[in-house]
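Following the hints, put chain B with the ligands in place on chain A, whose structure we already have.
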Amino acid sequence: MLIELENIVKIYNQGRVNEVTALDKVEMAVEAGAMVCLKGPSGSGKSTLLAIIGCIYPPTSGRAVIAGRQLARLPDRFLTMHRRRTIGFIFQRFNILPRISVFENVVLPLLPLGMSPKERRALAEPLLERYGIAHRRNFPAGEISGGELQRVAIARALINDPPIILADEPTAHLDSRLSRDFLADMLALKEEGRTIIMASHDPLVTEAAGVDRVYGVHDGRVTKDAC
Amino acid sequence: MKKYFEKQRNLLDYALASLWRRKGKNISVFLVFSLVIFLLASFLFLSRSLQVAAQTTLRQTPEITVQRMVAGRQESMPLTYAERIRGIFGVRRVSPRVWGYHYNEVTGANITVMALAGDPELGREPLAEGAFWQQGEQGRAVIGQGVVKDLDLGGRRTFSFFRDDLTLKSFAVAGIFAPETNILTYDLVLLDIADGRDLFGLADDLATDLLVEVVNPLEIATVARKISERLPDTRVVTRPQIQGTYQAVFSWRSGVAAICLLSALSAFIILAWDKASGMSPEERREISILKILGWQTPDVLQVRFWEGFALSLLAFAAGAILAYVHVGYFQAALFRPVMMGWSVLRPGFDLVPIVQGGDLLLIFCLSVLPYLAATVVPAWRCAAVATDAAMGG
Ligand SMILES: Nc1ncnc2c1ncn2[C@@H]1O[C@H](COP(=O)(O)OP(=O)(O)OP(=O)(O)O)[C@@H](O)[C@H]1O
Ligand SMILES: [Mg+2]
Numbered sequence: 012m013l014i015e016l017e018n019i020v021k022i023y024n025q026g027r028v029n030e031v032t033a034l035d036k037v038e039m040a041v042e043a044g045a046m047v048c049l050k051g052p053s054g055s056g057k058s059t060l061l062a063i064i065g066c067i068y069p070p071t072s073g074r075a076v077i078a079g080r081q082l083a084r085l086p087d088r089f090l091t092m093h094r095r096r097t098i099g100f101i102f103q104r105f106n107i108l109p110r111i112s113v114f115e116n117v118v119l120p121l122l123p124l125g126m127s128p129k130e131r132r133a134l135a136e137p138l139l140e141r142y143g144i145a146h147r148r149n150f151p152a153g154e155i156s157g158g159e160l161q162r163v164a165i166a167r168a169l170i171n172d173p174p175i176i177l178a179d180e181p182t183a184h185l186d187s188r189l190s191r192d193f194l195a196d197m198l199a200l201k202e203e204g205r206t207i208i209m210a211s212h213d214p215l216v217t218e219a220a221g222v223d224r225v226y227g228v229h230d231g232r233v234t235k236d237a238c
Numbered sequence: 004m005k006k007y008f009e010k011q012r013n014l015l016d017y018a019l020a021s022l023w024r025r026k027g028k029n030i031s032v033f034l035v036f037s038l039v040i041f042l043l044a045s046f047l048f049l050s051r052s053l054q055v056a057a058q059t060t061l062r063q064t065p066e067i068t069v070q071r072m073v074a075g076r077q078e079s080m081p082l083t084y085a086e087r088i089r090g091i092f093g094v095r096r097v098s099p100r101v102w103g104y105h106y107n108e109v110t111g112a113n114i115t116v117m118a119l120a121g122d123p124e125l126g127r128e129p130l131a132e133g134a135f136w137q138q139g140e141q142g143r144a145v146i147g148q149g150v151v152k153d154l155d156l157g158g159r160r161t162f163s164f165f166r167d168d169l170t171l172k173s174f175a176v177a178g179i180f181a182p183e184t185n186i187l188t189y190d191l192v193l194l195d196i197a198d199g200r201d202l203f204g205l206a207d208d209l210a211t212d213l214l215v216e217v218v219n220p221l222e223i224a225t226v227a228r229k230i231s232e233r234l235p236d237t238r239v240v241t242r243p244q245i246q247g248t249y250q251a252v253f254s255w256r257s258g259v260a261a262i263c264l265l266s267a268l269s270a271f272i273i274l275a276w277d278k279a280s281g282m283s284p285e286e287r288r289e290i291s292i293l294k295i296l297g298w299q300t301p302d303v304l305q306v307r308f309w310e311g312f313a314l315s316l317l318a319f320a321a322g323a324i325l326a327y328v329h330v331g332y333f334q335a336a337l338f339r340p341v342m343m344g345w346s347v348l349r350p351g352f353d354l355v356p357i358v359q360g361g362d363l364l365l366i367f368c369l370s371v372l373p374y375l376a377a378t379v380v381p382a383w384r385c386a387a388v389a390t391d392a393a394m395g396g
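If you read the sequences in order, they're chains A and B.
First residue of the first sequence: 12, per the numbering used here; consecutive thereafter.
First residue of the second sequence: 4, per the numbering used here; consecutive thereafter.
Extracted from the complex, chain A is given alone in its bound form (with noise of 0.2 Å):
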């Protein structure tokens, strides 16, 4: 399994009067290769459980995981580490900084990493030509439509050539049109082997081609949903 999680808990701002359990007991295992959904309403918890999954931040208790890495042992330097390599992120709102340019923000998870202007551009522009938005790479990023943005959020995922690739609500601000070329994206890179897991409550993710499996998540309980 790429994925495994063993009765995760998680708990925010635990101890406190603000204390909320977003994650309660998750069973979950995802194989490689897999294309997997999280359905439920807002609130429930699909983008915590991402940011696990995603190695955001441990989980306060439970067995997690991720691509052969304990999380729960994991102190944050590690973590990071271990996300820059295995993990790719496309967020709700793409969270694409708008005043660099296309092509900066495509190669910004390479900045830290010490590579040469030639070595970056290598990497990103076959990905800029394969998304269509060769022509916009020095444009800010503010200036481009809704559906290059949530291109250049897919190519930036793809920068460090991860694995997994993790979406949150990636549909929420597209229409339906775009919402379809997306879902082609995805599937396009699950047949390249790479493992997709998208939180979503649009039928049109949680019952499009390629998805292997939806879980429900409710108040921080997940069920498998048969598809």
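Worth flagging that the hints you see were computed from the coordinates, not collected in a lab.
All residues carry an ideal CB built from backbone N, CA and C; glycine is no exception.
In the BS3-like style, the derived pairs of lysine-lysine whose C-alpha atoms are separated by at most 25 Å in a straight line are: (1) B:6 x A:129; (2) B:172 x B:152; (3) B:10 x A:129; (4) A:235 x A:201; (5) B:5 x A:129; (6) A:235 x A:36.
So, partial list: chain B residues that the calculated Cβ filter (under 8 Å) puts toward chain A: (7) 14; (8) 24; (9) 296; (10) 302.
Chain B with the ligands alone, transformed into the frame defined by chain A:
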């Protein structure tokens, strides 16, 4: 190793680009910052300059000066007085001095004309050009920077003064004092004593006053007392007395207090500014995004460090250079009212700003370091915890 430098370069590039992206905020920070540095540096340059000026003055102040008083005013002094002083135990040397003023009717300036015997102490002060006259040479003068201006010499190296009987006496300029001795020499014309007597119409056995050097500086007061006892019609002024006067004039304590005040003020302004501006939601979000994309906390901090460093270094340099111009070229015009007293010392003397490594370091520590702390620490607190500004709905 190559990777390390490449990484530093990438982070520095990123930092400079983000400085530029937030031009609006950063320019105002830069202005406030430079202003604070400017005030602080002006103050330090000025007080250092005055301090050195005072030291130079005291170095050239004779240990004991003896003047003859008649009817409460100064009169010329017969050289026989010198003989009587030489007889006092502990006296090393007695030199006669002739001095007076030359009033320039065109510019309204008063030039001090001083004529010394033998090899004058002032002869050890550095010259900007030329050399001192040799013993016995006549009609040669060493003049201060202000005299060059006042007499409008330009490239000319001769000038003339009227004697009291309105005949002209002309001089060749043997040398010009260096600007760092301005406090002493700005409006000074230095002559050999024979030329001085000629100019002021003084007989060969007269002097304006006598300069006395003692064998042991600790005995200045004792020797001075003996001189007054032996020559009751004289006024005896000692170096320690003059020293006291300068101290009162400069009032160093208030100067030091003002420096402390300014330092506290600057630290306050910088910190307050940064607290007020703080980290905007946009900056927090950016840090979250970078973290999620695989930047380590130290990477984020390095970017903030470079931003703060570039900005504060630039402001530091701008402030320091402006302060130098302010003190050197505009004669510390802004601080004149505060530092009143030094102009009493020698009217119209040119301030030469004196920059010492230690002073610059002090300003640096009081400004750049707090600013760096103020930029890096909030980012550190944010980067260590926050990835959620980019997550969620
Ligand atoms: N950083 C945080 N600090 C405190 N509580 C949080 C934090 N992040 C999420 N929560 C809480 O945890 C619960 C789950 O939140 P989460 O964002 O995972 O839900 P979600 O399913 O992604 O919701 P949405 O569809 O609105 O994005 C919510 O009650 C939320 O308020
Ligand atoms: Mg969410």
